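Asker: Chains as they are written, first to last, in my numbering: chain A, 1 to 247; chain B, 1 to 247.
Bear in mind the hints are in silico, worked out from the structure with no lab data behind them. You may find that some hints are simply not true.
Note: identical chains are not told apart, hence a pair may lie in one copy or across any two.
[To be verified] With a Cα cut of at most 25 angstroms, we get these calculated SDA-like pairs of lysine to any residue: (1) Lys122 x Ala91; (2) Lys79 x Thr187; (3) Lys180 x Ala144; (4) Lys219 x Arg23; (5) Lys219 x Asn246; (6) Lys88 x Arg30; (7) Lys180 x Arg50; (8) Lys180 x Leu138; (9) Lys168 x Ser186; (10) Lys180 x Pro56; (11) Lys79 x Ile14; (12) Lys219 x Gly12; (13) Lys122 x His146; (14) Lys122 x Gln136; (15) Lys122 x Glu20; (16) Lys180 x His146; (17) Lys180 x Leu3; (18) Lys180 x Asp204; (19) Lys122 x Ala77; (20) Lys219 x Asp58; (21) Lys180 x Gln136; (22) Lys88 x Leu3; (23) Lys88 x Glu20; (24) Lys219 x Glu202; (25) Lys79 x Ala188; (26) Lys88 x His24; (27) Lys168 x Leu142; (28) Lys88 x Ile129; (29) Lys122 x Ser132; (30) Lys79 x Asn89.
Note that the structure is a prediction, hence the values are computed from the model and not measured.
2 protein chains.
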Amino acid sequence: MQLFYCNNITDGGICTLDAEESRHAVRVLRMHEGDTLHVTDGLGNLFLGRIVVADPRDCSIEVTSPAKTDLMAQQPACKIHIAVAPTKNPARMEWLVEKAVELGVGEISLLQCDHSERSFLKTDRLERIALSAMKQSLRTLLPAIHPVVTLDEWLAAQQQGISSGSLKPLHFIAHCEADKPRTPLSTALVANTDTTVLIGPEGDFSPREIDMAFAARFKPVSFGENRLRTETAALYAVAAFNFVNNL
Amino acid sequence: MQLFYCNNITDGGICTLDAEESRHAVRVLRMHEGDTLHVTDGLGNLFLGRIVVADPRDCSIEVTSPAKTDLMAQQPACKIHIAVAPTKNPARMEWLVEKAVELGVGEISLLQCDHSERSFLKTDRLERIALSAMKQSLRTLLPAIHPVVTLDEWLAAQQQGISSGSLKPLHFIAHCEADKPRTPLSTALVANTDTTVLIGPEGDFSPREIDMAFAARFKPVSFGENRLRTETAALYAVAAFNFVNNL
Chain A
1 MQLFYCNNIT DGGICTLDAE ESRHAVRVLR MHEGDTLHVT DGLGNLFLGR
51 IVVADPRDCS IEVTSPAKTD LMAQQPACKI HIAVAPTKNP ARMEWLVEKA
101 VELGVGEISL LQCDHSERSF LKTDRLERIA LSAMKQSLRT LLPAIHPVVT
151 LDEWLAAQQQ GISSGSLKPL HFIAHCEADK PRTPLSTALV ANTDTTVLIG
201 PEGDFSPREI DMAFAARFKP VSFGENRLRT ETAALYAVAA FNFVNNL
Chain B
1 MQLFYCNNIT DGGICTLDAE ESRHAVRVLR MHEGDTLHVT DGLGNLFLGR
51 IVVADPRDCS IEVTSPAKTD LMAQQPACKI HIAVAPTKNP ARMEWLVEKA
101 VELGVGEISL LQCDHSERSF LKTDRLERIA LSAMKQSLRT LLPAIHPVVT
151 LDEWLAAQQQ GISSGSLKPL HFIAHCEADK PRTPLSTALV ANTDTTVLIG
201 PEGDFSPREI DMAFAARFKP VSFGENRLRT ETAALYAVAA FNFVNNL
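Using the sequences and the accompanying hints, generate a full structural model.
Answerer: Quick look at the structure:
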């Protein structure tokens, strides 16, 4: 099955695929007027549509039926938000985004930390990779990828959500200081619970940042005694969340 | 901490690092005679040694003490063996090997399947990546990476082990035929149990291969309704095994 993306699709209406999706449908897959295709809005909705104008730059789709339930059933009841410091090598972040989306990550934040070796990373390329991975894995939710902000700014923005009385969501920081008590991720995760995990840079979080996260009610978790690369730790958190929730 | 690899190290003796490890210790890290370093044999043993000859091509080490217990404790009581069909793009397999070793894979077999788009893959480069990932993640077990064989040959070789009376180890095949009954991996995995997982090529296993695996007592497992790339499915199995066993 081939899944297409259209951010302006609505039930029962006519929508147009963007240039890249149009080219893929008409040029690459050689689809014609009258052919049916699956289209998602990246918001969790899946539509069945029929091509009304097979224009390789501006393909028009008539929505013929609402979402197929078997795919809609994949929409997770809970989501995992990964907040990670970009690695020095941007290819490792691109790899992380592809794999995390395949495994159902809900949201990705990029952090600048005290020990970061990279304080800037363009999100447009990461967003294209996320879109491709969403389609490839037949998911209908396109995770948001937030531009780099400092951990201080990010925590300040999160505080609102955490202190708003909802104690249900879990907030973890995966730091590497073995002398500070940490709960193994396998015992810290709770099924059907929104979870946010902070993953530090190659040089780990600074003691100042760890204390700041604790003050923001983030609980320390451990991914085991082995030294995982930043992107491996981030993907491991997504895989574990997927495993616990059968995403 | 820096971990070095030496396949000829023995307790209380003198060993020499190979050219690459010698260069790394003496040229890159500028270590001198008398400096101490951690060395593993890749067989699960870790030694503390002292440099006696700081030769950048042939560094000699005197073993001063046996394995440190805190690292030795990481040796898993059970292991996961991934048998996977190489992807068309070899870079995806190199990525898989690095991440799987970081997450504690025990053994990797490469398979040629009916639908394989790649029937050959050199293992020497994969072995270098595995060695580097073992050292980076501070593990002391270097997983074996077996050259490509057909699934038929591989299953015939496995049969011996499976039919030798030991029913304890788990053997799974992760195929994508949704109409055939499959157990979710999350319920199929059992803690402290050696596990082998078969991962097919981009085009999935053929019906013939699935029946052949069933005949070899491999049980069908599902990784969920989403379509995972071959290398993502393989790493997910390793991550799930790690999660269940706290590797």
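Asker: So, for every hint listed, does it hold in this structure?
Answerer: Results for each hint:
no.: 1; hint: Lys122 x Ala91; result: both (12 angstroms within a copy, 23 angstroms between copies)
no.: 2; hint: Lys79 x Thr187; result: both (18 angstroms within a copy, 21 angstroms between copies)
no.: 3; hint: Lys180 x Ala144; result: neither (32 angstroms within a copy, 35 angstroms between copies)
no.: 4; hint: Lys219 x Arg23; result: neither (47 angstroms within a copy, 41 angstroms between copies)
no.: 5; hint: Lys219 x Asn246; result: both (23 angstroms within a copy, 19 angstroms between copies)
no.: 6; hint: Lys88 x Arg30; result: between (40 angstroms within a copy, 23 angstroms between copies)
no.: 7; hint: Lys180 x Arg50; result: neither (58 angstroms within a copy, 30 angstroms between copies)
no.: 8; hint: Lys180 x Leu138; result: between (41 angstroms within a copy, 20 angstroms between copies)
no.: 9; hint: Lys168 x Ser186; result: both (18 angstroms within a copy, 24 angstroms between copies)
no.: 10; hint: Lys180 x Pro56; result: neither (58 angstroms within a copy, 38 angstroms between copies)
no.: 11; hint: Lys79 x Ile14; result: neither (31 angstroms within a copy, 53 angstroms between copies)
no.: 12; hint: Lys219 x Gly12; result: neither (46 angstroms within a copy, 43 angstroms between copies)
no.: 13; hint: Lys122 x His146; result: within (10 angstroms within a copy, 39 angstroms between copies)
no.: 14; hint: Lys122 x Gln136; result: within (22 angstroms within a copy, 28 angstroms between copies)
no.: 15; hint: Lys122 x Glu20; result: within (20 angstroms within a copy, 36 angstroms between copies)
no.: 16; hint: Lys180 x His146; result: neither (30 angstroms within a copy, 40 angstroms between copies)
no.: 17; hint: Lys180 x Leu3; result: between (46 angstroms within a copy, 23 angstroms between copies)
no.: 18; hint: Lys180 x Asp204; result: within (13 angstroms within a copy, 45 angstroms between copies)
no.: 19; hint: Lys122 x Ala77; result: neither (30 angstroms within a copy, 43 angstroms between copies)
no.: 20; hint: Lys219 x Asp58; result: neither (49 angstroms within a copy, 47 angstroms between copies)
no.: 21; hint: Lys180 x Gln136; result: between (40 angstroms within a copy, 22 angstroms between copies)
no.: 22; hint: Lys88 x Leu3; result: between (33 angstroms within a copy, 22 angstroms between copies)
no.: 23; hint: Lys88 x Glu20; result: between (30 angstroms within a copy, 24 angstroms between copies)
no.: 24; hint: Lys219 x Glu202; result: within (20 angstroms within a copy, 39 angstroms between copies)
no.: 25; hint: Lys79 x Ala188; result: both (15 angstroms within a copy, 23 angstroms between copies)
no.: 26; hint: Lys88 x His24; result: between (33 angstroms within a copy, 21 angstroms between copies)
no.: 27; hint: Lys168 x Leu142; result: within (24 angstroms within a copy, 41 angstroms between copies)
no.: 28; hint: Lys88 x Ile129; result: both (19 angstroms within a copy, 19 angstroms between copies)
no.: 29; hint: Lys122 x Ser132; result: within (17 angstroms within a copy, 29 angstroms between copies)
no.: 30; hint: Lys79 x Asn89; result: neither (27 angstroms within a copy, 31 angstroms between copies)
Hints 3, 4, 7, 10, 11, 12, 16, 19, 20 and 30, counting from the list given before, are not met by this structure.
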